[in-house]
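Asks: Sequence:
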Amino acid sequence: MQRALSRLSSETFDVLIVGGGATGCFTARDCAMRGLSVALVEARDFASATSAHNSKLAHGGLRYLRNLEISLVRESLAERRNLMRIAPHMVRPLPFLLPLYNAGLLERAKLKAGLTLYDVLSFDRNRLDDPAQHLPGHRWIAPKEALAHEPVLAGDGFEGAFEYYDAQMYMPERIALENLLDADAHGAAIANYVAAQKLLLRDGKVEGCTVEDKFTAARFDIRARTVLVAAGPWADLFLEQATGEAAAHKLIRSKGIHLLVPEVSRAALTIEAGSGHLFALPWRGHTLLATTDTEFTGDPGKVAVTEKDIEDFLATFRKFLPSAGLDRAKVEFFYAGLRPLVSDGSKDSYNVSRRSELVDHGKEGSLDGLFSALGGKWTTSRDLAEKITDALIARLDKKAARCATATTALPGGRFDRFEDMVKGYVKTWPGIASLRNMAHMLGARLPQALKGARLTDLTALGQSGDTPAQIAFAMAEEMALTLEDMVMRRTAIGQFGRPAPGLLNQVADQMAAQLGWNEDRKARELASLDPIYRTAP
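Numbering (the working numbering), first residue to last: 100 to 636.
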């Protein structure tokens, strides 16, 4: 997959997608698979904002049952299964424990009822070919057994814990990327670092968009019969900039921070914390603390974590999970993301629904051919993309194939059973410590990535287990253009805290040799990582 700048500037497309987050990526794949001509541009790198800065869960949303959002939970649970089917190398079962402290029989009964409904709504969760992907129903675990499994649950009034299952994404950024790889294979024209500037309008109809290449500052027009704005927390702001008019559909932006700390528990923990919830999520030998939920009114491009954010979040964890002994010294990495929420009249962002909304601006008497995707959650992005594609096909008055994205595996997911695939790889490349990580990251594409690789190309770089072979492959096949692209999204080298200077230099040197960077460009690339590991004032 290469930047398709020539095609973008010379062809007319059925649909131009503005935004390369989860929604845009899933939509590009669906449209392309159904025979539409597709263009997609992203102002930065793919899945570099909200789609990266999340809790890495594919989940039904147990807490939404309290708001009686039964249809959203059912949709989310069905889509959890679909993600496990199409990306089995990336989306795996995750057991959760929900501990109770001084809760009493009534609260325990309420939770049991909620978890029973959660199981009922996911009645089809085990319609997957690989038994290792099957999810058991919930169960109650008595205090002694629960503490034997997870001593960190110890605390005054501990009554035991419910166990239930959801799923976890090994690296959500790469799931988004694999959608684009498949869209590219079906003829889509795609480019990162191309920023949409202004909509092309004629007689009340959208005809495309003027864009700017962020590397060269060159501007050109992309012609399209329809335009989808899938810009996440920027969606309403982009529409105002691109049309010169106030957006009719305003978003609420909710800031959520996450902290990475040494492993706290082997199971995920769902901790009731007053009117909200905390999560301690095991992820690749560490624990991800999730998440805050506060309304954000600033520039979405400037959302960041402050020291106060960290200390306040840790203080909440110390209150509700005291045995974890969490303090600032244990924080290895941190990040902040924005959830774009569709206002529903709730008093605070925590209680705003995670539902999505597709706006056909032509039907609202505004710009014909313009669509906006608003709100939603990672887990349901594929389903939203299906609905968007249906609407675009209807607007274009085209005959198209039925949606197949729920059952057609992503490029890396085209294998039968994950463990059998790993065993096969071990026979082919014996003694490679990084092999399991590479199997998760690349799935069935791993042999392509390792073609011609030397033994030194398979040496793990830092904690993530990623290798020089993956770096070379990402530059050649995955549109990795910057050092940040490489260490934060094509690999996870930078996701465990700032890598050692020598390791970053090694990666930068490899990229410089392949992409032709001079010493000045290499220095700029290294410096560009500084804000990622620095708290905001």
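Just so you know, these hints were derived from the structure itself, not from any lab.
Some hints here could point you the wrong way.
Computed beta-carbon distance windows for the label pairs [claimed, not checked]:
# : residue 1 : residue 2 : range
1 : A503      : A599      : 41 to 47 Å
2 : G400      : G530      : 43 to 49 Å
3 : E362      : S170      : 43 to 49 Å
4 : A503      : K550      : 40 to 46 Å
5 : A372      : E518      : 34 to 40 Å
6 : K522      : A345      : 54 to 60 Å
In the DSBU-like style, the derived pairs of lysine-lysine whose C-alpha atoms are separated by at most 35 Å in a straight line are [said to hold, decoys possible]:
#  : residue 1 : residue 2
7  : K621      : K304
8  : K401      : K243
9  : K297      : K429
10 : K297      : K462
Built from N, CA and C at the ideal position, the CB exists for glycine as well.
Asks: Where does the structure disagree with the numbered hints, that is, which hint numbers, in rising order?
Replies: 3, 4, 7, 8, 9
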